[in-house]
Structures are given as structure tokens and as C-alpha cells.
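A.B. asks: Sequence:
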Amino acid sequence: MTTPNQLGEALLQTTSLTTEGLEQALREQEESGARLTQVLLELSLISEDELLKALGALYRMPVRDSLRPDEVDGELATRIPISFAKSHHLLPLRQDDDRLEVAVADPLLTDPLDDLRFLYPGTRLEPVLVTRRAILNCINQVYDRASSADQVAETLDTEDLEDLATEIIQEPEDLLDSAEDSAPIIRLVNSLLQQAVKERSSDIHIEPHERELVVRFRTDDLLYEPIRPLPKRVQQAVTSRIKIMGRLDIAEKRLPQDGRIMLKIAGREYDVRLSTIPTQYGERCVLRLLPRTQELLSLERIGLDVENRTVFKRLIHRSNGIILVTGPTGSGKTTTLYAALSTINTPEQNIITIEDPVEIQLKGVGQIEIKPQIGLTFAAGLRSILRQDPNVILVGEIRDLETAEIAIQASLTGHLVFATLHTNDAAGAITRLVDMGVEPFLISSSLIASLAQRLVRVLCTRCRAPYVPSPEELDEAGIRPDEVAGRAVYRAVGCERCNHKGYRGRRAIFEILVVNESIRKLTTRGIDSKTIQEEAVRGGMITLRQDGVSKVLAGITTIAEILRQTEEEAVISPDL
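For the record, in the sequence shown the residue sitting at position 378 is 851 according to the numbering used here, with numbers rising by one throughout.
It is possible that part of the hints are untrue.
As the list claims (entries may be wrong) - Derived DEER-like restraints, expressed as beta-carbon distance ranges: (1) A1033 / S748: 26 to 34 angstroms; (2) E685 / R970: 45 to 53 angstroms; (3) D571 / S748: 38 to 46 angstroms; (4) G506 / M534: 23 to 31 angstroms; (5) G837 / G999: 39 to 47 angstroms; (6) E912 / S748: 34 to 42 angstroms.
FYI, nobody ran anything at the bench for these hints, they're computed from the structure.
Nothing here was measured: the structure is a model prediction, and the numbers come from that model.
All C-beta atoms in this analysis are idealised placements derived from N, C-alpha and C, irrespective of residue type, glycine included.
Kindly produce the complete structure, drawing on both the sequences and the hints.
C.D. replies: So this is what it looks like as C-alpha cells:
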């Protein structure tokens, strides 16, 4: 075995490690007793890629830059506990006769390899050097792929299910880590959560029926059953387990309850909002999965085209005024608002939000969750926010006249205010405020823009098929025949990758009504929303349907999907 000094000398000759760095690492190693390679990485004296290449040359071991799950024999790999694989950064890859290929991050860590020889007797271990990050990512995917809620459901024992479900255990850092040694009900609930994440579902529905317990996932806005119905006897145990995870009262079964679960699944963190209600056949649970990530919080990622993005960026950098985002529940309004906040979030800005509930956590932003039962309403919270010297305020939803008037007054006194409303289109936001009782002159003085949006399903690129749309389809969508000349228009087909739905993921479509002088005059006169919409189109506004059509012509979605999401909107010609 190579000594630390010999290893250090080799690294000095083949890597960018300096003599001073090596001496520092050796001193640290002597004090801590850790391995030299571990100390070098912890002190950032050498990159892991560079270290592995040097170790590979020194010990004559192959080095790989990446590791894909499809290269791993899942049945072989999952014989070892996931906690063992993660803690030692190793993963069995494949076995040929008496040869077992194993990905390792540190060839000097020999004890775990000795343990593998007992688990795989009669095999000759052949280590392959791979970075720790690549190994951990592959472990998460391989063990996630091996987990199935259907398989776990088959193993449920009939005895003591409720006791097992209500057993208080310390939640693991990652649900995949609890694959071993957990009670059957715990494994079942964990498997449902893992499968929902794997299938990109936004909601899990646990629905009690007369003789069975039905599980449904919502993926890309549609509900479906991912597993066969569970036996009625596990209903109480499953419900109790979910309520314990959400810190709810398991003894209270007559009243609705709301809770929150913090999870980590396959290395990603999730906030899960839990809602339970009593029904005829027992408590019904709905879990909404919200990834704790800011990767989608950018105007480029949410679906704004170049023209709309330019307009919206100019609007959100205004110093005062109110910007309304409208659309039905689940249309992505919150994501759009937080993408805007993320864009303007700087140390110079004091941004405060009031929401019901806080769905996305944004660093550097003060976020308040309303609690009506103790008097913390949107209106009450908004008054308090104004005393916190904010630059930007986000109001989760304008529901009443009081909240609307405070938000508008805030925008008139030097604050930029973002808020949401439930209306069908951008122009409808103006008439909705008037219907609430807000004076039209206040709206015209404060409102700088209204944005409406919908979420449309995105075609699966693997199975989508080109076709020639009928004249009736084109006419209904407002597409001129010359617009599709020479372009491919696609329809949904369905394949294994998209769960035979034909769609995979969703994208937002938008219309942005910028309040100019002509819109301001119509607002002051109390003119109806249709007239305001027509004036906005004359001024160059792209409607929801027109934005949707552009995504059809780009091969992103289908005519049927655009018609489904904009059926209430009349196509308005810009020539009016």
C-alpha cells in the first residue's frame, strides 16, 4: 500500500498540487487522522477530477467522467443498503462470471470493498474511479427506479397495520434511505411519494371508497391511477401515517385539517402541502408537491417569448405602480410572480410578500403567511408591511375591497405592488376591481399592467406526429392557412416516455395588457372589458390565443390544447 508521503510525491508530479498545499494537508491529516485524499478535497487543494486521474494512473485503475443508471444492473446494485452505498460512495455496476465491476470514489477506502466480497462471494472486485457527485446521483436514480408503490403494496401484512403506521420514527434525510428496515405502511407511503416525484406529478390524491382505497396522481393537469386500488383494510393506517408526517391530529377525524411535510427525495428537497377532509367512507387526503428549487424562477424558463419578456422586464423594474397577474387556480400565477421577484431581488431592494400559503421560498425576501383565525388577513398584513419600509410588495390574492384599496394606495405612494386576481383575461382584471367597489380613477392612476396566463401541455418530442390540420381547426384557432404553409403542425400520439398521454410537461401562454393613455381613459370612464381588450389589441397586445398559436407553429403544443385552454376567449383581430 502506498504511504501518504509516496502518494503526496506522486500528486506533486502529476497534478497542480503545490508543496505548500501538500504540507498543509499532511499537517491536517496528522491532527484529524483522516485519509490524505479526503483532506485534500476538504481543503480544496485539488479538484476531485484531477485527483481521480492521478490515482487511476498511480494504481492502474480505469477512470470514468460520468455514470448513467442504464449502465447499472439495478437488481445487483440494490442488494446492498442504500445507506451503505451513499456513506461509502460506491455502487456495484455489473457482474460477468466471477468479475464484479464497482464504481468507487476513493480506492484507498478498502474496508467497504472487503464487505462487498462477503455480499458477493466468489467474485473478483474491479474498482472503477468515479467522482462522488456522479456516484450519489446514480445511486438516487437506480434505487428510485427499483422502488414501486405497487410492489410495496403487495408486501403489506394484515397484522398490526395501524400500529405500524402510527409508529413515531425519525424521518430520514432522504426517503430513499428508508427503503430498508421500515414498516410496510411507511414503505408504501414513501414509495407513493417517490413514484409521484419520478412521474413529475403535482398532486397525490388518497381517496377512500366503499370497498377500496384509490390513489390518483395529477400530472400535467390530468388525474390518473398510477397503481391498482389498495385494500380497504389499509385505509386507516395509510391516513394515519400521512397525518403523522404532516404533524396533524390523528384522533381528529371529523374536521378538515391542513399540514405541511418537509421531504428530501432522490437528493431534491420538497415542501408537501397536506389537506384532509372527512367523507362518507373516511378521510380523504390530498398532497401537493412543491419542489424547493429556484431553477424555474427566471423569466426565460416560464415560457415568455422574447417580445413579451422584454415588455415584462421593463414593467417589473418600475419603481411604483401595481401589476396584476390573472388566471384560474393552477395556471402558474405564483411561479410567474416569483420569477419576477427573483429577477429584481437585489440587496438594494426590500421585498415583502403576504400569501396564502407561502408556496415558494425565496432567499432575501420577507414572506408572511396569512392566519385569518388570529386576525392576520391580507388586509391586516398589508397594513403592517407598509410600516416595514418596503420597495416591492407581493399580495398573494386580492379577494376583497379592503385589500384592493390598500394595495392601490401602496402603489400610489411609491411602492411596486404585485398581486393576483381570478379573471379570464387581462382586461377583465380592470372590471373585476370596479365590481369590487374600487373607484375607476384610482385604478387608472395606479395600474401599470395586467398579465393573464394559462398552462398548456407540451408535446412529447419522442412520439409527436406531424399532420395537416383541417380548415375548420385552423379557423377555430384563428390561424391563417398561409401561417402553416411550409411548417409542421403536430398532434399528440403517446409513448412509454410520456405515459402514453402524448404530452410531457407544461408551458405557460401569456397576454400582457400595458396600461397606456388610451386604456387609462377607457378605465376612468368605466368602459367594459371587451372594449378595453379591443383597444389593447389595436395597441399591439398579443392575446392568449395568439401566443398559444405561436407555440403551435413552433411545435411545442397542439391546436386542441390551445383551444381547450382559451375556449372562453374570443379571437380579436388586430385590425379592429
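A.B. asks: State for each hint whether it applies.
C.D. replies: Cross-check of the supplied hints:
1. A1033 / S748: 26 to 34 angstroms: At roughly 32 angstroms between Cβ atoms, S748 and A1033 fall inside 26 to 34 angstroms, so the hint holds.
2. E685 / R970: 45 to 53 angstroms: 30 angstroms, violated
3. D571 / S748: 38 to 46 angstroms: The hinted range 38 to 46 angstroms is violated for D571 and S748, with Cβ atoms some 55 angstroms apart.
4. G506 / M534: 23 to 31 angstroms: With Cβ atoms ~25 angstroms apart, the hint holds.
5. G837 / G999: 39 to 47 angstroms: 40 angstroms, holds
6. E912 / S748: 34 to 42 angstroms: Distance hint for E912, S748 holds at roughly 37 angstroms.
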